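Engineer: For reference, the chains in residue letters:
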Amino acid sequence: MRQVLGDRKTIAVLLAPALICYSLIMLAPMVWSLGYTLFSGNPIRGFSFAGLANFDTLLHDPKSGQALLFTIKYAVTVTIGQVVLGYLLALLYVFQLKRSSGLIRTLVFFPVVLPTVAVSLLFQKLFAIVPQDGPVNSLMNLFGAESINWFGGGGRAFLVIALMDIWRSMGFYGVLLYAGLVDISDDVIESARLDGAGGWRLARTVVLPLSRPVLISALIFSINGTLKVFDSIYALTGGGPGAQTSPLTLHMYRTAFAYGDYGYGATIALSLTICCLLVTVAVFRGSRQDPTA
Amino acid sequence: MIIKTAPKRRQTVLAGLCVLGLAVGLSACGDSSSSDDPASNQVEFSFLGMPENTTVEAVLQTIAAGSCATDLADYPLKTSSQPQASYDQQLQLLAGNDALPSLIFAANTPSLAIELHDGGYLVDIDQALTEVGLADAILPAAESVLRSLYGGDLFTLPAEFNIEGIWYNKAILAQHGIAQPTTWDELTAANQKLADAGVQPFAVAGSGGDGWNVTRLVGNHIFRSLGADAMRQVADGKAKLTDPEYLASAEAVAAWGQAGYFGPAPTAVDYATAMNTFLTGQAAFYYMGSWALASFNDPTQNQIGDDNIGFLPFPNVTGGKGSAAEVPANAGMPLALSSASYDAGAKAWLGCLAQNYGTLALRDKGQITGFRVFDPVADLPALTTEVQDIIANAPSSVLWFEALFSAQATTTAQTNGGLLAEGSLSGADFMSIVQADLG
Numbered sequence: 002m003r004q005v006l007g008d009r010k011t012i013a014v015l016l017a018p019a020l021i022c023y024s025l026i027m028l029a030p031m032v033w034s035l036g037y038t039l040f041s042g043n044p045i046r047g048f049s050f051a052g053l054a055n056f057d058t059l060l061h062d063p064k065s066g067q068a069l070l071f072t073i074k075y076a077v078t079v080t081i082g083q084v085v086l087g088y089l090l091a092l093l094y095v096f097q098l099k100r101s102s103g104l105i106r107t108l109v110f111f112p113v114v115l116p117t118v119a120v121s122l123l124f125q126k127l128f129a130i131v132p133q134d135g136p137v138n139s140l141m142n143l144f145g146a147e148s149i150n151w152f153g154g155g156g157r158a159f160l161v162i163a164l165m166d167i168w169r170s171m172g173f174y175g176v177l178l179y180a181g182l183v184d185i186s187d188d189v190i191e192s193a194r195l196d197g198a199g200g201w202r203l204a205r206t207v208v209l210p211l212s213r214p215v216l217i218s219a220l221i222f223s224i225n226g227t228l229k230v231f232d233s234i235y236a237l238t239g240g241g242p243g244a245q246t247s248p249l250t251l252h253m254y255r256t257a258f259a260y261g262d263y264g265y266g267a268t269i270a271l272s273l274t275i276c277c278l279l280v281t282v283a284v285f286r287g288s289r290q291d292p293t294a
Numbered sequence: 036m037i038i039k040t041a042p043k044r045r046q047t048v049l050a051g052l053c054v055l056g057l058a059v060g061l062s063a064c065g066d067s068s069s070s071d072d073p074a075s076n077q078v079e080f081s082f083l084g085m086p087e088n089t090t091v092e093a094v095l096q097t098i099a100a101g102s103c104a105t106d107l108a109d110y111p112l113k114t115s116s117q118p119q120a121s122y123d124q125q126l127q128l129l130a131g132n133d134a135l136p137s138l139i140f141a142a143n144t145p146s147l148a149i150e151l152h153d154g155g156y157l158v159d160i161d162q163a164l165t166e167v168g169l170a171d172a173i174l175p176a177a178e179s180v181l182r183s184l185y186g187g188d189l190f191t192l193p194a195e196f197n198i199e200g201i202w203y204n205k206a207i208l209a210q211h212g213i214a215q216p217t218t219w220d221e222l223t224a225a226n227q228k229l230a231d232a233g234v235q236p237f238a239v240a241g242s243g244g245d246g247w248n249v250t251r252l253v254g255n256h257i258f259r260s261l262g263a264d265a266m267r268q269v270a271d272g273k274a275k276l277t278d279p280e281y282l283a284s285a286e287a288v289a290a291w292g293q294a295g296y297f298g299p300a301p302t303a304v305d306y307a308t309a310m311n312t313f314l315t316g317q318a319a320f321y322y323m324g325s326w327a328l329a330s331f332n333d334p335t336q337n338q339i340g341d342d343n344i345g346f347l348p349f350p351n352v353t354g355g356k357g358s359a360a361e362v363p364a365n366a367g368m369p370l371a372l373s374s375a376s377y378d379a380g381a382k383a384w385l386g387c388l389a390q391n392y393g394t395l396a397l398r399d400k401g402q403i404t405g406f407r408v409f410d411p412v413a414d415l416p417a418l419t420t421e422v423q424d425i426i427a428n429a430p431s432s433v434l435w436f437e438a439l440f441s442a443q444a445t446t447t448a449q450t451n452g453g454l455l456a457e458g459s460l461s462g463a464d465f466m467s468i469v470q471a472d473l474g
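Chains A and B, in that order, give the protein sequences. According to my numbering, the first sequence is numbered sequentially starting from 2. According to my numbering, the second sequence is numbered sequentially starting from 36.
Next up, chain A with everything else stripped away, as it sits in the complex (with noise of 0.2 Å):
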């Protein structure tokens, strides 16, 4: 095996339909969107080269400043409440439920199977107000408040946005996070709880160093998911009233396929690239620290 594995042609033979299929798919793409940055144009009515007008345009372009803005206040508003909830779901499975956890986690789960459309529609009815209140308004009417046009504004969409996306999502940061926790060793916490630890000291002195890695991971994948979110804004508000629901991606979407701008459209993405980078590199420098110095 060695001899096979040392072998160069061997291993670009191996490699080949792995990397081909990936560079048609990914890499290609990738470089040629970049291209586009440099140039105007779609493909209907041909590309003129721009140099760098595009990148100058999005430093002045306010829609993408506000695109800009709603995209970091979703992506931290909804990281927060994915992470935080899942590890507080994967708690309650490991130290609460234990071995009969699987039934809860599985009803948690099981939004994240859903399709995103149909996520987006049952929100849209559950909000309702016209042709008829929807179930959240029907309750504030028992309640004695009025109903509410909860997509009629930017801040009450985006609540019902965050809470869609935490619902749908946080089951599975609760398995991810889980996953971690089990592997604590038993051992390390009965030395703990026999050391006096308990309850929040418990948690925070041996359960959460422990669980790092896994939260770090956990806390990545959720930044980047929630920076390029999409789908479920576009189904469920179409990033209105207005442009007040649209992040970054939805924006670029509509810069290069509506309006036909492809070379700036792919500037707004490169720039959702460059921070997505940045955020990722800040998460691994801050989890490089060590907890305990």
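What the hints contain is simulated information worked out from the structure, not anything from laboratory work. From a predicted model like this one, the values you see are computed outputs, not experimental measurements. Be a bit skeptical, because a hint or two may be false.
To be verified - Derived list of chain B stretches under chain A, where covered just means 3 residues or more per stretch with a C-beta under 8 Å from a C-beta of chain A:
1) 152 to 164
2) 303 to 311
3) 433 to 446
4) 451 to 463
Said to hold, decoys possible - Heads up, simulated DSSO-like pairs for lysine-lysine below, C-alpha to C-alpha not over 30 Å straight-line:
5) K64(A) x K273(B)
6) K64(A) x K229(A)
7) K64(A) x K74(A)
8) K275(B) x K64(A)
Glycine included, each C-beta is placed from N, C-alpha and C at the ideal position.
Following the hints, complete the assembly by docking chain B onto the known chain A.
Structural biologist: Frame of chain A; chain B shown alone:
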């Protein structure tokens, strides 16, 4: 542990298997639709419709099954659908991949349709109709609207020829002692009277891209205030939407929104819901194009009765340069033929369509089109006849608010129209964000 190494021949076999696997894998990713059935000579005539417009597909089906059944036997109709809100994106994606269907709606945004035409994606209708011997199939009035909308060229087919205005529920107005308003001020007073009586004055759609229903009010107020060329002045850069005289129109509509004339949550109301609100008697007025006749004449949708609906031309603005006689007109969503798939089948379809569409749409759907009606239709619904008379007697027409805008400005206007109707966006803010996209 030392593992026995494979002989060189086995390495070659392994490498060969990998290459074979790759070839099989890649071939599986390829286009599988190339397998032709030699027994069939049929070539599909594809149409990309939209769920908001069911008339075109229904008429096409009737054409395929009726007198043209023999001519079109080898060119079966294949339809697909894309919601209006994302129709333009889909057109761009398909055009970019050179995969436009044979027949399409010519984009929500006229500027995109012009781009498609300039890029050689659409058939020149002038020439194509002459080739099939039906050069006179389009009515002159409809052709004039199409040419003014698309920079003088004719590359679209008027599957509709609409006028727009305010439809009203006669019973509600009579019940509250309201005469047909003739000015904006009278209409505002009527709205207030209805609102005071607990009746929703206007049904309007303001959800997402359906906000065009609101921006039409702004546009028409501008035409009535500043004259028929007011939006051309903006398109040519000679005026700005943020100029005080333009702002006044947006503020007038915003004031209606703040007064609650559009109901409690216009941003949550889509096209179908607004139509339903009016046709179930829950609102007194409804601004819409005459394409809605298909719904008005459908008793399953219209619960207030077609004889209970009146048409009110968009009223004058006191002291304005425009006139209520200048009817807002459009060709609805015109159709266009893809040049890439303009073959013998598409040509046969064009001939049948030009010959029959006007008659069938009018007979089956009560839909007035820009096609000549070669076989006169008797016993038309009263509303349809009324609209035909208005079209025949209109001295001139105006376009609509976004007709000359870019795709970006159009989207911005239409997605913010709902906020204007809800009273949460001022007229000044609305005009400044749209003007920002116009440059």
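Engineer: So, for every hint listed, does it hold in this structure?
Structural biologist: Quick rundown of the hints versus the structure:
1. Requiring three or more residues with a Cβ within less than 8 Å of a Cβ of chain A, the coverage given for the region 152 to 164 of chain B holds, as 3 such residues are present.
2. Remark: the region 303 to 311 of chain B is confirmed as covered by chain A, as 4 of its residues place a Cβ nearer than 8 Å to a Cβ of that chain, reaching the required three.
3. Check result for the region 433 to 446 of chain B against chain A: holds, 4 residues qualifying (beta carbon to beta carbon below 8 Å, three or more required).
4. Here's how the region 451 to 463 of chain B fares: 6 of its residues keep a CB closer than 8 Å to some CB of chain A, so the rule of at least three is met and the hint holds.
5. Pair hint K64(A) plus K273(B) holds up; C-alpha atoms about 25 Å apart against a cutoff of 30 Å.
6. Restraint check for K64(A) and K229(A): the C-alpha separation of about 17 Å stays at or below 30 Å, so the hint holds.
7. Straight-line distance between C-alpha atoms of K64(A) and K74(A) comes to about 15 Å, which keeps the hinted pair within the 30 Å bound.
8. The straight-line distance between the Cα atoms of K275(B) and K64(A) is roughly 20 Å, inside the 30 Å bound, and the hint therefore holds.
Going down the numbered hints, you'll see the structure goes against none, and every one checks out.
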